[in-house]
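Asker: Read off the chains here:
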Amino acid sequence: MTIKLESNFMLLGDRDITSIDSDRPFVTVAELLNELSGRSTNTMQFFLPGSESLLEGWELEVNGRAFADLTDGLATVLRDGDCVTITLVLLGGG
Amino acid sequence: MKEYQVVGKSVERKDARIKATGSARYAGDLIAPGMLHGKILRSPVAHAKILDIDTTKAAALPGVLAVITGKDFPGIPFGTRPDIRDQLPMPITKVHHFGEGVAAVAAIDEDTAEEALDLIKVDYEELPVVLTAKDALAPGAPLVNEFKNSNVAYFSDFVFGDVEKGFREADHIREETFSSQRTTVGFIEPHACLAEVDSTGRVLLQGSKQSPYITWRHMCRALDIPLSKMRIVNPFVGGGFSGKHDPFDVDFASVRLAQVTGRPVKIVLNYDEVLAAYRQRNAMDAKLRIGIKKSGAITALYAENILEGGPISGIGPFNIYFFGAFLNLPYKIPAIEYHGKLVYSNRSPCGTVRGQEIVLAQFCIDSLLHMVSEDIGVDPVEVRFINAIPDNWHCANDIVIDVSGLSECIKRSSEKIGWKESRKSRPVGRGIGFSCASHPSGTRLGGHFGSSVVIKLLEEGQVIVTHGATEIGQGANTVFCQMAAEELGIPYEDVLQGASDSDTAILDSGMFGDRATYWDGNATIAAARDLKRQLAELIAPALSASPDEIEFENKRIFVRGEPERGMDWLRAVRKVYYEKGAPLYGRGTWAALDIDIVDWKTGKGNLCHGLDFIATAVEVAVDKETGKVDLIKAVHGDDAGQPINPATLEGQVNGGSAHMSGHALWEESLYDEKGRSINHSWRDYKQPTALDVPEYFVEHVHTHDPYGPFGAKGAGEASSCSTMAAIANGVYDAVGVRIKDLPITPEKILEALKAKEGK
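As you go down the protein sequences, you meet chains A and B in turn.
Residue 59 in the numbering used here is what sits at position 59 of the first sequence, and the numbering runs on without skipping anything.
Residue 171 in the numbering used here is what sits at position 171 of the second sequence, and the numbering runs on without skipping anything.
Heads up, some of the hints might be wrong.
Unchecked claim - Example chain B residues on the side facing chain A (calculated, C-beta under 7 Å, incomplete):
(1) 147
(2) 596
(3) 599
Said to hold, decoys possible - Listed below are several chain A residues computed to face chain B (Cβ distance under 8 Å; list not exhaustive):
(4) 58
(5) 67
(6) 68
(7) 70
(8) 92
Quick caveat, the hints were computed from the structure, so don't treat them as lab data.
Don't be surprised by glycine CBs; every beta carbon is placed ideally from N, CA and C.
Taking the hints into account, I'd like the entire structure generated from these sequences.
Answerer: Structure, rendered in structure tokens:
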């Protein structure tokens, strides 16, 4: 199974990836995000353990649908060919 | 150009009298019943483990009500980017820079608080320090930030266009290195805040904050409280220049001490603390290579830089991004390759300073452009004309320029400074330097990025404008009131400025990037139009007209084309209040949804509207005996669209230039070999005064931005971007030596002269 990834930043910190493979037939959004966090060279946390919400600073879409519109939120099931878009939101200025 | 009643006039600033008479209340002036005074204990070392902090004696001192350390916070890191959250309110396991706050005290008066600091015992285990980018990148270098297992905090690699082709097509290629020093930000008012906690645990923070929204969000995260549990009210703010966006230990400490004691706590820093331990501009090392045709047209640019940013990433990734993305402006460059890196160090944390890192990029580009123009025998000002971006230009990284008055800016400033005449003859030791620049009017960062304004109609006919931006001295309040007056057709004097309070105003994303006039200005117009719409709906029946026929002008509401068929503004207001029972608010929002969210990976995208273009010419005099540089005259040809308040606009343009004159010639934050600041007082750290700056002239190039409020663009930062190269080029023009490592000190000039003369 391959999940396509789109983002406006380097998803793994020092490098980018545009897809992620799994032997499993499906993964949840939470599992995908945990995989990315674990592999990133940055200290990246998308949600708090046990929480159903994304932490502030992240925007996410699954196949063009905003996270807020996903009925199952972080438990949303992702299947082969799905596209997850993760956008980083800067809180700061210069 | 359209003639307006209020817009375009140099009306008195709304805050002029209250500030000039000393009546304005800043954070340090605030008092609350039962208020305590806070002080911060600072690390005397630049890099060390914190083995133990013993606060027992301090806490036992009569008059001390609380002592806190980093362990009194939840330990949740925060940061400007969600993938690089590497800051804590106060350090827990290690100190990262000289002067970092390690403990804080709340006491009944300042003297007691100071005495308590002396009683706090901190055991440090000193660690090797990382001071420069070279130190940070050396194999085996000590790691600076405990949240990252590398001293590279961030990097960017951008490619726009076909760079190989661009350099192949060049007739001449030149490569040079440049460097820039650490500088302080330069606001007059030091950090200060008053924090109170009510009986429900809700925090009220009143502080000297440039972007209270940023402060609010970061603080709530790090304090682990919901946004609804904090209210931020901004008093007058004495300058920001991008040094007051983030929350600092002073803000966190005052809140935590207020929570612990149950009493208001005020902390006011002295300026030595600010110079030693708070935001500075990154040091920079850069290498640029430019390709140019014999005609003077640029064919390609290669740039790499390293920014040394202190122990946090902060806004650093955006500095790296901006440096690279804005290499595409203000000149037509078909191909650009950029590699930028931000590294950690054990010097003071960096944010950015007015102009962001476009300031540093432009110093490099315009110095290099002057050099290659001489190489190919084309007049340096002519080279700017040849490469100046025009209207409707599409940059290599997809930034779209709607309106550019740059060519006219170059023409006006070169004529006013007497460029052509100076090429024929000029006094010995006198030179003129030239540089151009461009700065956006805000970018789209994602998340909450819109602006919101509310206009409250008072029953005596005045209105109160409440916006989410922050007046930090730049004149934002004034221009919004001018815009509201113009749109409503009422006198400027009848428009009042509301309070900056997160409970009643929707705070916008921040006072940065020249966004306020543009974004909040458009929101002001939208709010005024909403108010007019509501008034029109209520008044039109009395005039036997439909609402869309109603006009507002000269304090009158009337049917279009029939001014006698109308009523006075005040009568209309009283009608809605007293007859209709409808006290009104006008509400407006604005966000540029058609521009692209920042793409951190590629640097591509249409990042902004409202590009302010500027051409700066500076005449200098250099004394060859002493190396001293005097700034004689500076002319800025500036395209800020429609000036809303010409006097304020000139203040911004000249102020930005004066500010960076210091960076160019004098300022440097100095550290010893152990990372301790050695010039953190105004005695030793020199910033320009009125005696040091040149005679300024601003040549307004009046264009009309299609997206800007009344056609205006932002204008606070372009002149910061153009000034340093203009000065460097002026010194070269005067005495024939090129200084590429800032600041351009007399010692460097004398050394370069000696080298040139073979001594």
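Asker: Each hint needs a verdict: does it hold in this structure or not?
Answerer: Going down the list of hints, with the structure as the test:
1. Interface restraint check: residue 147 (chain B) against chain A, minimum CB-CB distance 5 Å, threshold 7 Å, status holds.
2. For residue 596 (chain B), the shortest C-beta to C-beta distance to chain A is roughly 9 Å, which exceeds 7 Å, and the interface hint is violated.
3. Taken as an interface hint, residue 599 (chain B) checks out: its beta carbon lies about 5 Å from the nearest beta carbon of chain A, inside 7 Å.
4. Interface hint status for residue 58 (chain A): upheld, as the beta-carbon distance to the closest one in chain B is roughly 6 Å, under 8 Å.
5. For the restraint placing residue 67 (chain A) at the interface with chain B, the shortest Cβ-Cβ distance is roughly 13 Å, beyond the 8 Å limit, so the hint is violated.
6. With a cut of 8 Å, the hint placing residue 68 (chain A) at the interface with chain B is violated, because the nearest CB-to-CB distance is about 13 Å.
7. Taken as an interface hint, residue 70 (chain A) does not check out: its beta carbon lies about 19 Å from the nearest beta carbon of chain B, beyond 8 Å.
8. The beta carbon of residue 92 (chain A) is positioned within 8 Å of a beta carbon in chain B (closest approach about 3 Å), and the interface hint is therefore held.
Violation of the numbered hints given earlier is confined to hints 2, 5, 6 and 7; the remaining hints are satisfied by the structure.
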